[in-house]
Amino acid sequence: MADHRSTDPGQTVTNCSMPPRFRTPGWKLSLLVVTFIGLICHAFIGTELCSMTVKEIAEMPGNVLHLLQEMVPPSTRGLPKIYKAILETLQMCLVGTVFGVFVSVPLGLLAAKSLSPHKSIYIASRGFVSFCRTVPDLVWAIFFVIIVGLGPLAGTLTLMVDTIGFAGRFFAEAFEEVDSGPQEALSAIGSSNNGTFFSCVLPAAAPSCINTTMFSIERAVQSSVVLGLVGAGGIGMLLEEPMVWQNYREATTVVLTIFIMLVAVEQLNGYLRRQLIGKSG
Amino acid sequence: MFSDAVATFQPPVCNEVSVRARENVRTATSTADIEITGLSKTFDNSRRVLQDIHFSIPQGQAVALIGHNGSGKSTLLRCCLRLIQPSSGSIVLLGKEIIGLGKAELRDMRAQVGFVFQRHNLVQRLSVLTNVLHGVQARKKGLRTWFQSMAMQEDREEAMAKLQSVGLAHLAGQRVDQLSGGESQRVAIARALMQRPKMVLADEPVASLDPRAGDEVMNLFLRRIKDEGLTLLFVSHNLDHALSYADRIIGLRDGKFELDAPAKSENIESLRELYG
Ligand SMILES: Nc1ncnc2c1ncn2[C@@H]1O[C@H](COP(=O)(O)OP(=O)(O)O)[C@@H](O)[C@H]1O
Ligand SMILES: [Mg+2]
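As you go down the protein sequences, you meet chains L and H in turn. Numbering of the first sequence is given in the working numbering, commencing with residue 1 and proceeding in unit increments. Numbering of the second sequence is given in the working numbering, commencing with residue 1 and proceeding in unit increments.
Just so you know, these hints were derived from the structure itself, not from any lab. Treat the hints with care, as some may be off.
[Stated by the list, open to error] Capping the alpha-carbon separation at 20 angstroms, the derived lysine to aspartate or glutamate pairs in DMTMM-like fashion look like this: (1) K141/H with D155/H; (2) K119/L with E173/L; (3) K113/L with E173/L; (4) K256/H with E35/H; (5) K141/H with E184/L; (6) K141/H with D177/H; (7) K140/H with E184/L; (8) K103/H with E184/L.
Note that the structure is predicted; figures quoted are calculated from it, not measured.
Isolated chain H (complex conformation) (with noise of 0.2 angstroms):
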């Protein structure tokens, strides 16, 4: 039954305004917004998990990247916040080198990207509003940014308008421990766009959900994305996922660089083979 909620799956209509969003970024500035080079990372003493990665993606560009289990994804996207510390190598954000930035400098620099995880993340006891409006905390401080309850209005009204824009605004006063797994995932999305993130990273949004809801959730993040205009490096666990939301695709082999083209249905069977 999902299986065919899969084949039939189509993405939505609202391309044509993203690819023109996307496209006007692109001409304002043609920096890229991630370039890394040499990337290796190696855990206390075991085997290279990434190895000599390179690859540049420019403002605008929404890029899946594919790969078995083990290769090396997730660490890859945790490397590029150094929420893990790469081994060597060089990781440009944004027109900055993050490799050797100081506590503070990193913090900003974390603040400018979104992070999407497999798992939502989100503090389970706390209400949705709340958790929404985490995200502030990447522009702002203190007493203020922890609950809803003390917040700045115009942070309540942004973390409400962007629970809107996920469609969860009814169950903004909602415990988070009581919404099921694509909402809580929604809600995890909110969050990242309340940083107003010029990039999102996203590993495995949908991969703990089952089609149909993953369905759903995917299609609404990547339109939210692409309307932004905002820059995308996501892991996909659904090649259709990848084919038809993403303008490129890389894939990683045992940590190595294995595959870099454009999402075009003509290159499915390698991507199949690289994938399934």
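Bound conformation, chain L alone (with noise of 0.2 angstroms):
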């Protein structure tokens, strides 16, 4: 090896050939592009998309502008309830993330590998967390509604469980990543699981934690729109009835309120982390 590359450089490159701009694909990469194509034109078909006449294709713009039509000018007469449902909505937000970051921090310490007490519970509450995340919100409200009823306590709980599938996660992850050393120093004062904890662990991960509680406000905000439409409570529920009845012009002012509920949230919210970020410590 050595020898070969100690000698003349301007020769060794006479003896290779230049490699070919594209390779020739093996059987295994033609099948597997031959299948992701047959499968792209299967699903075309499901979607009905090839089904459309030219006909359809031509009314679209019209029957959009004739929705538009029926949407304007938006409905002032539900804006009492409308108020109150917001309410609900915030109400159940806050409610939700507040006990599910509450809930997040010792799960979090438990699902951190360097921190958790042993192998079984780190996997066990990784698995919980993960479970409560893979599994979608609306599945989460629908079992809800029928363990506790219609109604915002069970978005409320939906929003929990999401948040804790959210917060779990990346409270583990910012436990894990505190710098050992300060935490190795704590063990050699002799102090306990506890003090290492709460003396070291958690002030060191604060700021990425009030980060993630502020965003998990604003993902329970954007997620508990669609929890009214199972009938778990919050501006979701607002929706539905218009839609069905076919009354756009409220359903437009529903829309719009919601558009202004998450700008309003979100602005809120980055402010907030900006403040907090900044002064805590």
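Could you use the hints to bring the two separately framed chains together as a complex?
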């Protein structure tokens, strides 16, 4: 090896052929490509995209225009109801996230590899958090509606589980990332696991945890909108009725309000986050 | 410029006092504070990092541990508190075998030994005073040892006094991440003193500082240790420090115990050979 390299470099170039621009694909890759193309075609049929007629396509702009006409001007009739629903949504979100975060801190500790008291506890809590996260919101909502009945409680519980799935994971990661040096120093002092966690890990992970929490609130407001559609409380409940009765002017008001609420929460959130991270410590 | 400072470096004048303080302690009890026999450490599927180490340090003695990089000095120090689990051998600290101690007993033992790391290992986002206060966790538990704002008044005052003794009382409210390297290491020293330790281990406490700041911090550190008559085992990168502050020098080479000599300048040549 070393001998080859030590010979004149100009000579070795002539011995080697330049690699081609493109490789001829092997049978595995060819099979993969063919399968993929087949799948796309199959999906195309499934979505009814190719059964659309030219007439249908031509009518589309007219339909859109017609719908828009029926949507404006927004009706103001439902405003008091909407106000109450918005309030309910925000209450659900706040309570859901606060409780969710409350549960997520100890859960994140158990799900952090470096801090978990035992491997089995680590795996169990990781699994629980993933489960909360991977089951879709609407499924949780339907589940809680069946358990506790229609209304904001079901939605709140859903948002709590949703927050656990999200915050639990990021808290665990934040705890894992905390510098091990100060933790070792506190162990060397003889402080307890609790002492190390509260006086070192938590303060060090605080900015990241605050960020996650604020983002959880934002997520909760976003996902709370659809929860109403299955009867789990909040503004979404108001969206269902006008849609069913084709009362589009009222629907416009609701949609606009939701939009304003989301933007407002996002802005406020960003502001608070900057204030908190800047000053905490 | 810096090398000049090192060459003309002189130990402080407090040796008189400290020797007396140490002798007082030594006459009271003549047991060894650290007694290590047959200590070996092998990390998972690798070569032996420590091989059959034997030595003991009597109460009140200051011992410098020297050796090349990778010779196992840090591992040896960590084994003393079982921050690393030794593979075999016996470690008796303050008259008590620590191998096989339960979790709570081990914590009690660690509480009596201060440990100053090469990196200061402070909690960056907390205040200087809070970090010093953490040392009280050696004696107390719970909420009131986590943040200075919740601490007992007597503990806050003691922490303040420790800060005063390392000359940093004026920075007590500052966040640690705003301090210089030397100041941070002094805070770490104050935290170790806050434990009210009987013994202090230090792993190259000034190696990450520039020579001038390193001299300053080392001076202060060893003066505090001697003032309180504590037993000290410190890894040093600086032979001048080792010679001027230690009563005795021990050396490791490739994980084996290589040298044990009183710290006198006549051994300096053989020391330089081992170290340089
Ligand atoms: N956690 C560890 N796992 C495996 N090997 C380690 C570990 N810590 C230290 N070592 C090895 O042990 C040897 C001694 O390291 P160390 O005690 O840090 O030496 P020193 O402090 O004298 O420079 C080195 O070869 C290092 O690679
Ligand atoms: Mg080292």
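Results for each hint:
For the hint pairing K141/H with D155/H, the CA-to-CA distance comes to about 12 angstroms; that is within 20 angstroms, so the pair holds. Among the hinted pairs, K119/L with E173/L is consistent with the structure: their alpha-carbon atoms are about 16 angstroms apart, no more than 20 angstroms. Distance restraint check for K113/L and E173/L: the Cα-Cα separation of roughly 9 angstroms lies within the 20 angstroms cut-off, and the hinted pair is therefore satisfied. Among the hinted pairs, K256/H with E35/H is consistent with the structure: their alpha-carbon atoms are about 16 angstroms apart, no more than 20 angstroms.
With a C-alpha separation of about 17 angstroms, the suggested pair K141/H and E184/L falls inside the 20 angstroms cut-off, and the hint holds. The hinted pair formed by K141/H and D177/H fails the criterion: a straight-line CA distance of about 26 angstroms is larger than 20 angstroms. Only pairs whose Cα atoms come within 20 angstroms are accepted, and K140/H paired with E184/L is accepted, the gap being roughly 18 angstroms. A hinted pair counts as satisfied when its Cα atoms are at most 20 angstroms apart, and K103/H with E184/L qualifies at roughly 15 angstroms.
Hint compliance for this structure: hint 6 alone is broken.
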